[in-house]
Each structure stands twice: as C-alpha cells, then as structure tokens.
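**Q** Go by the hints and put chain B onto chain A.
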Amino acid sequence: MRLLEVKGLQKFFPIRKGFLKREVGQVRAVDDVSFHVERGETLSLVGESGCGKTTTARCILRALTPTAGQILFRGSTGPVVDVTRLSKAQLRPLRRQMQMIFQDPFSSLNPRRTLFDIVAEPLVANKIGTRQEQVERVAELLRMVGLRPEYIRRYPHAFSGGQRQRIGIARALALNPSLIVADEPVSALDVSVQAQILNLMLALQKQLGLTYLFVAHDLSVVKHVSDRVAVMYVGRIVEMADTQRLFATPKHPYTEALLSAVPKPDPRLRAQRIVLEGDVADAANPPSGCYFHPRCRYAQDVCRTETPRLEEIAPGHFVSCHRARELTLRGVSG
Amino acid sequence: MEGNPPPILSVRELKTYFFPDEGTVRAVDGASFDLYARKTLGIVGESGCGKSVTAKSILRIVERPGRVVGGSILLRRESGNGQPTELDLAQLDPEGPEMRQIRGGDIGLVFQEPMTSFSPVHTIGNQMIETIRLHHGVTEHQARERAVEILHLVGIPNPERRIDEFAFQLSGGLRQRAMIAMALSCGPRILIADEPTTALDVTTQAQILDLLRHLQEREGMTIILITHNLGVVAEMCDEVVVMYLGRVVEQGPVDAIFHAPKHPYTQALLRSIPSIHATVRTELPTIAGSIPHPYNRPAGCPFYPRCPDFMPGTCDRNEPSLRSVGDGQDVSCFLYQPA
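Those protein sequences? They're chains A and B, same order as listed. Here numbering that gives the first Met the number 0 is used: position 296 in the first sequence is 295, and no number is missing along the way. Here numbering that gives the first Met the number 0 is used: position 176 in the second sequence is 175, and no number is missing along the way.
For reference, chain A alone in the conformation it holds in the complex:
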C-alpha cells in the first residue's frame, strides 16, 4: 500500500535583485518530480549537491511550501490527504506521523537541554501522557536506540557523534511516526560509527514497520539501506528503479557516471573511472533539452533540443533519457 505519493512536485525559489527586490528569475530547485513510497519500504533520493533532494524532502514535511504539485499521504488513520493543501492547524496531527532525522548530530541537538528534554519534546509539544509516562517513554526510546536510560539527565556534549545521532533517532521515534525522512543521517559520522547507525536504522525499520525516505549522496550507503532508489539531477528524477537493478544495470548515463565515480575500497579495482567534464548545471539557468547533455558522453542532437520524459522502460524501472533503450551502460556487480 502506498504511504506517500508525490505527483508533479515543483519548488521554485525566486531570485531577487536590486533596490526594489524585483524578481529577475527563478531557481527551479525541484521541477516536476513524481514518485511514491510503499508502506514499510525505504526509498532513497540520491544526487549531488543542488540536485533538489533535500528540497523535495522538506516539501514533503511541509517545512517548505511547494510551488505546485501534490503530496498525498495516507496516514494510519483517516483518508488520504494532500499535504500541500493543508493549513497550519490541519498539519499538526499529520506531523506526528512524519518525523525527520538530521544530518549533523552536533547542531541538531540543543546543548542547553538534557536528553530527557530533547527526546520528550515531541511528547510535551503534543501534550501526550503525564510527566511520569513521558519519563518511561523516553527510557524505552533510549533503550530502543541502544543508549542507557540512566543517561536521561545528561546533556548532549557528553555524547559522541554516533550516540548523538542515536538521540536524534530516539526523538524522531517518540510519536510512533509511520514515515521517517532521514537527510544524510550518517554522512557526518566516522566510518566505524556509520555502520552502527545504518544497522540500527535497518533493525528499527523491521521492528516498528517504519517507512524511510532516505536522502543521501553516498551510493555505498544507499545500497545498504534502500529497497528502491531515485537518482536526481538538477531538480528532476533521471532514473528510478529497485536498488539491485539500478546498481547492476543503470540506464541513465548520469547514474552510470555516479556509480563509476565512487572510489572502490580495493586497489585491484582501480578502474577507468568515467570522469564527467564540467560542473552540475545551474538550476537557475539550465541547459536546453536534456539537462545532462553538456556532460553526457552519449549525447546526440536530439538531446540538445528535446527534453526527455521519465518513462517506464521495464516494470518499475523509470528513466529519463532519449537513448535509454539502445545504450548498454556499466553498473557495479554484487
């Protein structure tokens, strides 16, 4: 069953200039993005900085109001609602069901508040339970994320990066949400700690039936946690498929280049990497046709003039490339 369905999502930011702050252009941060997330699965949004993955996630949580499009959310109770059309008051009950895990465990926890204050905040804000019940719930949450309940009176500075990220996860779980949006949850952590947090997230998903929307740039991490992956480039999804399929047989040249650019931890695999020329296109002034064509080694005339559409070339495998059906691209094994 679909927990979340995003249809034609757009988010444009105005570019203002001059004394009168007149609008002189728009950054098309997210431009016609559509996807869905099944209950209990993990969908990852991947791409490089500026591709719109975080903006998409923030629109879903209504931390940003989208310019256009629909975000349909089917809560545990009640009918399907369009998140984009709700008023602030209407959003409140919905927010209990969608929570976020942040990237930086150092700046996302208030240093002046104890662990109890931090983890219980969603309960207090929503007036759930008595003080005693809140203490019990926080202790239970801390145990769930692998922290000792005795730490309840301590402040964040006493914890390492990995432990802080566990605190952030405990806070996100406080209200029994169905959807967790995790924006780069392990990219600020040390390698040996990354693995612990990824394992914890997988275990919690199994235990609590959580649905994850995972935003990340690290494809190795993405491979470890995702059921399906959507690759974004300059505000659009260029390819989406189940994880195994996307990694083994990518159909978009950008996905191929991304996979090949990941440094492999094996000196015997020093590959002939595909090194893309130039920089990511500017979302305020994107190129004509396919946004990727100036950096694409398979580009033809049609790519310069016509914008490709996201098409389903095999069941569940969506690609936005004129040449998707004819190209044989290099993936990674395993």
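Watch out, some of these pointers could steer you wrong.
Using 16 Å as the maximum straight-line C-alpha spacing, the simulated EDC-like pairs for lysine to aspartate or glutamate come out as follows [to be verified]:
hint, chain 1, residue 1, chain 2, residue 2
1, A, LYS205, B, GLU282
2, A, LYS263, B, ASP308
3, B, LYS55, B, ASP87
4, A, LYS6, A, GLU37
5, B, LYS261, B, ASP326
6, B, LYS14, B, ASP87
7, B, LYS261, B, ASP308
8, A, LYS205, A, GLU37
9, A, LYS263, B, ASP326
Keep in mind the hints are simulated off the structure, nothing from the lab.
**A** Relative to chain A, chain B alone:
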C-alpha cells in the same frame, strides 16, 4: 630495478601534544613513517586519530596550545652544490625564515575546505601572486604569468579571466582546483592534501583525484594524502599508514593493507565500510564501542577496549611497537610480537 632511493621525508617517533587547561592531549604519540619521491602516501584514520595534526606538525603550523614535543621530521633536499642535506624540521623555529621557505617552497598544503582557506576579500590571483613574489622575488608581472600558468595546469578554464575572480565566485570543484594551484605556486616537491575531496560531490571528487594523479605523473609530485575515505586511499595511494588515537597501528603497501591487513583495527575498519558491491539491504559488521575521548585514553594498546582479539593482561598493560611482518608491512600489535 635500481636500489631503493632514500626517502625524501622521514618522520620518526613524532609526538605532538596539546596542553589545554584541562590536561594533556597526546594528539600524535610516536608516529613514524617514510615518504618516497614520486609516490603517494595515504594517512587514514577516523576523527581524533591525529592524521591532520601529523600534517600540521610536518609544516610546523600546529596551533596553540599544541606543540611538537618530540621526535624528528627529516627532510632530504638538494643543497647548492648538489649534495643532499638533511634538515630536521622538528628542530626549526616554526616562525623562522627557514621554515617559511619550506612551507610552500618545499611542501605545499591543500586544505579540506577551500571556501574558508581563501581570503574572501582578495582575488585568487592576488593571493597566488603574493606567495610567488614572496618566495621567488620576481616582478608582479612575472608572478602573474606564473600564476596563470599554474591555474591552467590544474585545469581551470579561462585562467586569464578566472585569476581576477574571488573564491566565492567559483564552484566547489574549481575552488578546490584553485586551492591546489595556490599550494603549487612556489613549486613544492611535496604536496600534503588534507581531506582534499571530502567537501566535494562524487563526480567532482573524481575530477580532483584525476588532477592529483596527473600532477604526479607530469610534474613528479610526491603526495601525502590524508583522508578517512578508504575508497580514495585504495584508488590513489602506493603506501598506506593507518592511525588510531595518535599512533600508527599498521603501515604497508596499499595492496597488503587492503588484501592482507594484519592489525585488528585495520581488519575491522575494512569490514565496516559500506561497499557499493555489497548485497542490497544487509547488516554491516561493526566495530564495538566508539573512539575514546582523548582525555580518557586507555593504557596499553589504544585499541584494546574495542578489539575482538583483546588479550587480558597483555594489551591493557603494555604498549605494542611497530614491527615488521615482512614485505614492507609493519604492525603494532601483540598478536605479531612477544609481549
């Protein structure tokens, strides 16, 4: 095969401690390694292992309250008459003229964050021209020509125009190229790159790694690459030094480190990294616990509280030393040496 040439930089028992009011932090505590000409040496480890402080110690730019308190840093260089001389950087005055000449002149440094490493109020060109003139005593015009040449070398398009831009006008990738150009402006033989690609996207990272490789091939550059990313190490390095809590726990040729790691930490670290070749949605093996706080450094081997092969009575009492296990691979672990 010719005989092994002597290393151009030898670090021996380097100790750099910090003395804040709360106590002593032994950030680098007896690190030793050699750097050979035209090779890339990787220094890997997690936060707090002392890899960046090692780089800063070599350049003698450790900030207070830190200080190089022991060991030697021998730099081998050609003197005027063609005879090689050895200079111990650990003995030099960090503020003295000799050290100033070595910084930039012999050893260039590339930082992790190019945005904060450039002055926001001076153009890229002005900053490069200043260093070139300081080191070579050439005219402004000559220095500018040299700067354009280097910007071209690092692959910045339209260097004649870009030289007059500010760092904030460049994209992340170009800014890191400019940073490398800056480090190269005075023609150093050794380039220390401290997490040069950590702040970059993967496709940009691939471009910068390619650039470093080309610089090595074309210009004969010797590189010390400091990173936490084992993938970058595997792709770039000839030799690898693995550090943990200020000590070198293992070092050796890159193939041995990745295919025959000896130290339990190296083994665990390699197992725990998410791999793009892994099966979808599998649990990763982890290293128990977390890196100890520098004030609570364990006695004996610094890794013993997290080590799967911990031998009570040995590892928590004595400190192992770096010993050879053959083929240029050294390990500091009691599994391979008598206690």
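**Q** For every hint, state whether the structure bears it out.
**A** Hints, one by one, checked against the model:
1. LYS205(A) - GLU282(B): holds, 12 Å
2. LYS263(A) - ASP308(B): violated, 28 Å
3. LYS55(B) - ASP87(B): holds, 15 Å
4. LYS6(A) - GLU37(A): At roughly 15 Å apart (the allowed maximum being 16 Å), GLU37(A) and LYS6(A) satisfy the hint.
5. LYS261(B) - ASP326(B): Distance ~12 Å between LYS261(B) and ASP326(B) Cα, so the pair holds.
6. LYS14(B) - ASP87(B): holds, 14 Å
7. LYS261(B) - ASP308(B): Holds: LYS261(B) and ASP308(B) sit about 12 Å apart, inside 16 Å.
8. LYS205(A) - GLU37(A): Status holds; Cα separation ~14 Å.
9. LYS263(A) - ASP326(B): violated, 24 Å
Comparing the model with each earlier hint shows violations of hints 2, 9; every other hint is respected.
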